[in-house]
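Protein chains in written order, with numbering that gives the first Met the number 0: chain A, 0 to 138; chain B, 0 to 138; chain C, 0 to 138; chain D, 0 to 138.
No lab work stands behind these hints, which were simulated from the structure alone. Quick caveat, the model's predicted, so the values are computed rather than measured. Hints may be right or wrong, so weigh each one.
Copies of the same chain are indistinguishable here, so a pair counts whether it falls within one copy or spans any two.
Simulated crosslink set (EDC-like; lysine to aspartate or glutamate; CA at most 20 Å straight-line) [as the list claims (entries may be wrong)]:
#, residue 1, residue 2
1, Lys69, Asp117
2, Lys2, Glu115
3, Lys66, Glu85
4, Lys92, Asp120
5, Lys2, Glu75
6, Lys2, Glu85
7, Lys134, Glu9
8, Lys66, Asp132
4 protein chains.
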Amino acid sequence: MSKTQIYEVEVMFGDCDPAGIVFFPNFSKWMDASSLNFFVKCGVQPWRELVKTRGIIGTPLLEIHTKFMKPATYGERLQVHTSVIEWGAKVFKHQHRVMRGDTLLCEGTEVRAFCERDPADASRIRAIPVPEDIKALCH
Amino acid sequence: MSKTQIYEVEVMFGDCDPAGIVFFPNFSKWMDASSLNFFVKCGVQPWRELVKTRGIIGTPLLEIHTKFMKPATYGERLQVHTSVIEWGAKVFKHQHRVMRGDTLLCEGTEVRAFCERDPADASRIRAIPVPEDIKALCH
Amino acid sequence: MSKTQIYEVEVMFGDCDPAGIVFFPNFSKWMDASSLNFFVKCGVQPWRELVKTRGIIGTPLLEIHTKFMKPATYGERLQVHTSVIEWGAKVFKHQHRVMRGDTLLCEGTEVRAFCERDPADASRIRAIPVPEDIKALCH
Amino acid sequence: MSKTQIYEVEVMFGDCDPAGIVFFPNFSKWMDASSLNFFVKCGVQPWRELVKTRGIIGTPLLEIHTKFMKPATYGERLQVHTSVIEWGAKVFKHQHRVMRGDTLLCEGTEVRAFCERDPADASRIRAIPVPEDIKALCH
């Protein structure tokens, strides 16, 4: 469906909660970082450049679905394996698999859309069709 | 299925990302806070007490599923409406609806389990049956 | 020197670290929220409005100095008492006192400057003289 | 005074605020991670091991002082250069210099103490004399 890119994370003390394990929203934060890393590694400009060249502000989230299998703690190195498993007309679906070496810790999907500012109201954003050239870079 | 409890949040500048809107993992953080608030409002002890009295360390996440409808920004007050929509033998499912007044911003479910330290290995945790007395308090 | 405004915080589980106490950078996050709240309560527009009406993007930090006296944990309600204790030509100094009722938990100062985009390079920001009308609102 | 250890950070989108730059408390979070990394690189066990072997829960913060010179944004790689610049009887002082290559972005000190649980009340912590063997490892 697409290339797979790997984003590496080292868990910090401050990422962990009173149970001593990663506070789960941090997995979402790392998946988000891995999504941006995926596009940059595939040759897409980071959002702050793309907004200037093409008006694309990024790929806001529409939906996330995550399963947590095993906990992680600080000092550990994790790898987020990210790909695109579905391309729709206006949305696409990421798969993220968070590994600690060979061990799968957590797995999730994200539905996102490329968005631009609404020309009629700059405080609003709206989805645009998935750009074909960006899609091509990811294959 | 259960009572509904409301947790109120005021969005901080630091909760928002370069697009000027709430960075989405913060919605998960607030749902987590609203889950704990749900049990405390229903009369359950906070986890740091429950671990002393009954060995229950909290309700770790097994799965989350969230849909994002509308963005929010700093200075806004949000209300997370939280209930339990399913009780299983060892797991239960929360519903969280994040509102800004009458407007639904984001909606999600969480599957959680009450957990204790594994007596054989204190560095591991394991799910226990949903305590009947806690379930009763939530109705 | 200025009015004092109070910002209230309820500590979340996810604000706490493996020692079970507030992870200290969260105190900085709350002081930042309390700084913005200070100006809004004094009658100043939030930054996203001020940038449109006057080009002021906010009050970035130049320096912070914080002493931590006592820890806090989740479920507790804290009050950040915020004032301005020095007005310079281009900078000002906040004092923040984080209280849990009558108990002082942590105390800090922040040096900040009102800033605008550099007209010569929109990716850079620069300090402007402290606006007299905003200063007047804070007294 | 001590060795200098370097902790590397890649700035994430979610580390940045509506101004598009790193939200400043994240610099404190990275300095904290760099402090722990400093001790581990010097040969000290991570806190979750040290608490089992010697009852030391970590090195809570007493005071921080940070100056912010230049902003950073997402996608950039930063290096936190960390050393100990003062050893007291019960406290020590870290220096952290956050660099982006040759450019100094922010500089700070932290005063910390090695702490253990209070034997009379496990919910409280107390400072212990700086362990001589740990000090020796850092030179």
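Starting from the hint list further up, note which numbers the structure goes against and sort them upward.
2, 4, 5, 7, 8
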